[in-house]
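A.B. asks: Chains as they are written, first to last, in numbering that gives the first Met the number 0: chain A, 0 to 323; chain B, 0 to 374; chain C, 0 to 340.
Everything labelled a hint here was simulated from the structure, so no lab data went into it.
Heads up, none of these hints are tricks.
Cβ pair distances, simulated, as ranges: (1) B:Glu326 to C:Asp261: 29 to 37 Å; (2) C:Gly35 to B:Pro112: 46 to 54 Å; (3) C:Gly48 to A:Pro201: 37 to 45 Å; (4) B:Glu326 to C:Ala291: 38 to 46 Å; (5) A:Ala301 to C:Gly35: 39 to 47 Å; (6) B:Leu21 to C:Glu39: 56 to 64 Å; (7) B:Glu326 to C:Ala334: 44 to 52 Å; (8) C:Gly48 to A:Ala31: 16 to 24 Å; (9) C:Pro273 to A:Asp286: 49 to 57 Å; (10) B:Glu326 to C:Pro273: 55 to 63 Å; (11) B:Gly131 to C:Pro273: 56 to 64 Å; (12) B:Glu368 to C:Lys211: 33 to 41 Å; (13) C:Pro273 to A:Pro201: 44 to 52 Å; (14) B:Pro112 to C:His292: 42 to 50 Å.
Below, in silico cross-link-like pairs of lysine-lysine (DSBU-like), each with a Cα-Cα straight-line distance of 35 Å or less: (15) B:Lys116 to B:Lys250; (16) C:Lys234 to B:Lys281; (17) C:Lys2 to B:Lys116.
Where a beta carbon is used, it is the ideal one built from N, C-alpha and C, also for glycine.
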Amino acid sequence: MSLQMSREELLHTYKTMRTIREFEERVHTEFATGEIPGFAHLYAGEEASAVGVCLHLDEKDSIASTHRGHGHCIAKGCDPKAMMAEIYGRKTGLCGGKGGSMHIADVAKGMLGANGIVGGGAPLACGAALTAKTLKTGGVAVAFGGDGASNQGTTAESMNLAKVWNLPLIFVLEDNGYAEATASAWSVSGTPVKRAAGYDMPGVQVDGHDVFAVAEAAREAVERARSGGGPSLIHVVFSRYYGHFEGDAMTYREKDEVENLRRTRDCLNLFRERVGEAKLLDAGELDAIDAEIKTLIDEAVAEAKAADMPDPLRDLETDVYVRY
Amino acid sequence: MAEIQPVVMPKFGLSMTEGAVLDWHKAEGETVAPGEELMDVETTKITNAYESPVGGTLRRQVAREGETLPVGALVAVLADPSVPESEIDAFITDFQANFVPPEAGGEGEEDAPRAQKAETPQGAINYLEAGGGSGPPVVLVHGFGGDLNNWMFLQPLLAENRRTIALDLPGHGASAKQTGSGDVASLAAAVAGLLDALSIESAHLVGHSLGGAVTLHLASTAPQRVETLTLIAPAGLGSEVDADYIDGFLKASRRKEMKPVLQRLFADPSLIRREMVEEVLKFKRLDGVDEALTAIAEACFPQGRQGLSYREALAGLSCPVQVIWGEADIIVPVSHAEGLPEAVTVTRLPGTGHMAQMEKASEVARLIEGLMGRA
Amino acid sequence: MSKKSFRQAINEAMHQEMERDPNVILMGEDVAGGMGAPGEEDAWGGVLGVTKGLVGTYGRERVLDTPITESAFVGAAAGSAITGLRPIVELMFVDFMGVCFDQIFNQAAKFRYMFGGKAKTPLVVRTMYGAGFRAASQHSQSLYPVFTHIPGLKVAIPSSPYEAKGLLISAIRDDDPVIFFENKMMYDDEGEVPDEAYTIPFGEANLTREGKDVTIVAFGRMVNLANQAADALAKEGISCTVVDPRTTSPLDLDTILECVEDTGRLVVVDEASPRCNMATDIAAQVAQDAFAHLKAPVRMVAPPHTPVPFSPSLEDAYLPTAAKIQEAVRMTMNAAQREVA
Ligand SMILES: Cc1ncc(C[n+]2csc(CCOP(=O)(O)OP(=O)(O)O)c2C)c(N)n1
Ligand SMILES: [Mg+2]
Numbered sequence: 000m001s002l003q004m005s006r007e008e009l010l011h012t013y014k015t016m017r018t019i020r021e022f023e024e025r026v027h028t029e030f031a032t033g034e035i036p037g038f039a040h041l042y043a044g045e046e047a048s049a050v051g052v053c054l055h056l057d058e059k060d061s062i063a064s065t066h067r068g069h070g071h072c073i074a075k076g077c078d079p080k081a082m083m084a085e086i087y088g089r090k091t092g093l094c095g096g097k098g099g100s101m102h103i104a105d106v107a108k109g110m111l112g113a114n115g116i117v118g119g120g121a122p123l124a125c126g127a128a129l130t131a132k133t134l135k136t137g138g139v140a141v142a143f144g145g146d147g148a149s150n151q152g153t154t155a156e157s158m159n160l161a162k163v164w165n166l167p168l169i170f171v172l173e174d175n176g177y178a179e180a181t182a183s184a185w186s187v188s189g190t191p192v193k194r195a196a197g198y199d200m201p202g203v204q205v206d207g208h209d210v211f212a213v214a215e216a217a218r219e220a221v222e223r224a225r226s227g228g229g230p231s232l233i234h235v236v237f238s239r240y241y242g243h244f245e246g247d248a249m250t251y252r253e254k255d256e257v258e259n260l261r262r263t264r265d266c267l268n269l270f271r272e273r274v275g276e277a278k279l280l281d282a283g284e285l286d287a288i289d290a291e292i293k294t295l296i297d298e299a300v301a302e303a304k305a306a307d308m309p310d311p312l313r314d315l316e317t318d319v320y321v322r323y
Numbered sequence: 000m001a002e003i004q005p006v007v008m009p010k011f012g013l014s015m016t017e018g019a020v021l022d023w024h025k026a027e028g029e030t031v032a033p034g035e036e037l038m039d040v041e042t043t044k045i046t047n048a049y050e051s052p053v054g055g056t057l058r059r060q061v062a063r064e065g066e067t068l069p070v071g072a073l074v075a076v077l078a079d080p081s082v083p084e085s086e087i088d089a090f091i092t093d094f095q096a097n098f099v100p101p102e103a104g105g106e107g108e109e110d111a112p113r114a115q116k117a118e119t120p121q122g123a124i125n126y127l128e129a130g131g132g133s134g135p136p137v138v139l140v141h142g143f144g145g146d147l148n149n150w151m152f153l154q155p156l157l158a159e160n161r162r163t164i165a166l167d168l169p170g171h172g173a174s175a176k177q178t179g180s181g182d183v184a185s186l187a188a189a190v191a192g193l194l195d196a197l198s199i200e201s202a203h204l205v206g207h208s209l210g211g212a213v214t215l216h217l218a219s220t221a222p223q224r225v226e227t228l229t230l231i232a233p234a235g236l237g238s239e240v241d242a243d244y245i246d247g248f249l250k251a252s253r254r255k256e257m258k259p260v261l262q263r264l265f266a267d268p269s270l271i272r273r274e275m276v277e278e279v280l281k282f283k284r285l286d287g288v289d290e291a292l293t294a295i296a297e298a299c300f301p302q303g304r305q306g307l308s309y310r311e312a313l314a315g316l317s318c319p320v321q322v323i324w325g326e327a328d329i330i331v332p333v334s335h336a337e338g339l340p341e342a343v344t345v346t347r348l349p350g351t352g353h354m355a356q357m358e359k360a361s362e363v364a365r366l367i368e369g370l371m372g373r374a
Numbered sequence: 000m001s002k003k004s005f006r007q008a009i010n011e012a013m014h015q016e017m018e019r020d021p022n023v024i025l026m027g028e029d030v031a032g033g034m035g036a037p038g039e040e041d042a043w044g045g046v047l048g049v050t051k052g053l054v055g056t057y058g059r060e061r062v063l064d065t066p067i068t069e070s071a072f073v074g075a076a077a078g079s080a081i082t083g084l085r086p087i088v089e090l091m092f093v094d095f096m097g098v099c100f101d102q103i104f105n106q107a108a109k110f111r112y113m114f115g116g117k118a119k120t121p122l123v124v125r126t127m128y129g130a131g132f133r134a135a136s137q138h139s140q141s142l143y144p145v146f147t148h149i150p151g152l153k154v155a156i157p158s159s160p161y162e163a164k165g166l167l168i169s170a171i172r173d174d175d176p177v178i179f180f181e182n183k184m185m186y187d188d189e190g191e192v193p194d195e196a197y198t199i200p201f202g203e204a205n206l207t208r209e210g211k212d213v214t215i216v217a218f219g220r221m222v223n224l225a226n227q228a229a230d231a232l233a234k235e236g237i238s239c240t241v242v243d244p245r246t247t248s249p250l251d252l253d254t255i256l257e258c259v260e261d262t263g264r265l266v267v268v269d270e271a272s273p274r275c276n277m278a279t280d281i282a283a284q285v286a287q288d289a290f291a292h293l294k295a296p297v298r299m300v301a302p303p304h305t306p307v308p309f310s311p312s313l314e315d316a317y318l319p320t321a322a323k324i325q326e327a328v329r330m331t332m333n334a335a336q337r338e339v340a
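Generate coordinates for the entire structure from the input sequences, incorporating the hints supplied.
C.D. replies: Here you go:
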């Protein structure tokens, strides 16, 4: 696999993956203190997918995300501080505290929302792709979805629709081995690549721990979509480090599964090894990024905790067209 | 006699935590004899006239009519007219300052006796023990469709002086729902089974309605186990029984159907409260209860009549026996109390329905104590 | 009889019915613990552990994990119901009904009538509803009025562990499709529940308080709040009847009307969004059939007409509370006094 990235792209890729990791590790520890309300589904271990794909996108492109959306948001350019505040339910949050972890969105940045409904994103991505096609913006859309989501009717219907309308759309099927406690090896019949073929759509499977592999596959799919070549599918295979949501004891997994993965297949470690071997970036530069990101996330948490909660009297009944 | 006596919110049954004073039967300044009705107390299950445990002049109605108070709270003060008002005031202030209401669902409830189950050849029998002492205990046997809660007013009164055991017959309450043939003999065998399981050689039996026939059966087949026998509106002494009650009870599955059925049991139908109806329905909803009750009804009350007579058996009993009957009973008519053997004492209670042990608990308790004194 | 949680009561109902009737099956996401995973068996028991233990007893042929394909498996349940099984479907959050609604309201709900009475559809869809869990807009709705609206569906909303077990057993034995609403905030609530199986008839309201001044009708978790409000009001000398209809379809309107006739005042507490919910429905029916008995305008206590917000400060303000119910009751009392004056 080639490492055809500019120095800027390499730095951006590493920094974004590190931001996601630091963000998620921090949500993990903060969640355990009980201060973060509700559900949190963490993306740690899966960073290479969001980053490798979004590397090729800009603000005219849209993505539809999932309940495990923090990584997609950061990769698409959402402000981590505003995201953290949102997760804490603060007024300064990206959605004013109304959405929370599962509904972080920044439509201006082409981030059409994390999603509480499994399979809810793919049809929306079809719509964003239709807009791009109709208005000839040159934009594309990406539908992120899990292995679990790949079994929803909405996903199947969207694949067919994208094909018959020849939409500039990429389906990124993030297969982390599980949907909640159910293994994808059991729940997904056939293979995603064969499913794509069934719709006469190109499909590839890539190693999701390897950001270069993801980036390469995504480059090809995005170029195809931008140039009018229609939809395609990328089947990203990897693993999540934490439970389905915070609080999940993961007893359905093998004991040392995650530990082994962290040691041998971690996307950040693999990146460091590869750029080190190829002498593209030196470790000191990467360490400096790590430190910078750590400070950023420290500040994000501190600012989120210090921020005000929304005011029920003022904020509960705003963003609606009628009150009663 | 300068004594000041408090009257507090009574605890009817084991689960009561609070009650409301519905209305006063005595005005301030009137004299009250012990056992005279002082006020009506309403709980979520039933409304009951409360008989004053003490005598004297009613000096103060502390509870307003309609006021809900926890068990143990001060409701009235009795004292001789000579006691000055200021002393009454001081007494009330002092009582209120020291009163700690029992916490609902708190420790008090944990301490309260709980029903238990005993294994018998007739299946598990649920029973509730209260009181203690070494003599033969009192065993309380309810009627058709009833359960051990039918003794909620009476059992605590009897338990002041001795061990008491109220049980659920097979097919009833929390006892096993298999009834076998469901006839009186099989029910009596279950009562004997419980006595065996608890190693009780003999007991004072109190049977109500169908439970009366059951205790009669036991007394005639195992006389050595029976010290005295109190029959409250018993079955087995005539052929009539209120078929509307039996049928209605079997068929009712809804509050609106059940309430009028239960109201037939009491001389004053307004006594029945929401929770009593709900408790009966809770029981009736259990799997197996319909079948059990139908079997018992068919065996004991075929074609809406009483199937068996124990008049002869009654004549042959050697232990002290009494019969207590509400004059307004429409379930089993009080006329069945006529023509009984000389030795059987009969007490007819005016203004009382089928549930004398609830409607006139204190009086029934005194009668039972009296009979036991003769044993 | 022993103390059981709402979760245990529901689990026990399914256990006893699966034991009693071999045609009862259960399906849903992770209800058998998660198929194909290498770790512990029966690891999950559904997302909040309500079905735990069932697969161990009844096996994978009767306790079926599903892929995330609600439309297909809810529809499959409906299809299996008209062909001889008695499926219980766990549809995790009622919000996901959006994915599979056709199979419920166009298919299952209509078979009996549309096929001229020749079909039975003994289907139960168990589903979580309700706000307060910080689960945000797509996991917090109280959508029972939507189902109540549709002829052919029955809708049950238990308000306690006792109610949950009895109503669920009734639902499983019922030959019509039943949508069974479990408030996710109540799973750890405890109460006395008989060990034996029992049924609670549908369309039979329960009175959890009996009073003479104001009737409060409430559903599901709101019943507990209404009880709290009634107890607090009793100390002020206002006595309330609290009606728990138990099922919104069929609805025991008779009992509601009787209580309104007795008290002359009505407050309806509904966790569902305020337009076209149970509160508006009951208020309308009371206005039609008991208008002459009303001493004061009917008051409704419901959330504002917004999606359920995520932030705790907003969500707490969103939900009805005992204090809001008390306030509404007092308003009906004061309204009456003004009229008399
Ligand atoms: C329509 C719908 N069904 C079920 C759920 C509950 N749920 C949330 S995430 C999830 C698993 C999703 O698995 P997958 O798509 O593989 O994503 P992952 O969690 O592995 O990232 C499920 C079942 C939901 N949110 N929406
Ligand atoms: Mg997955």
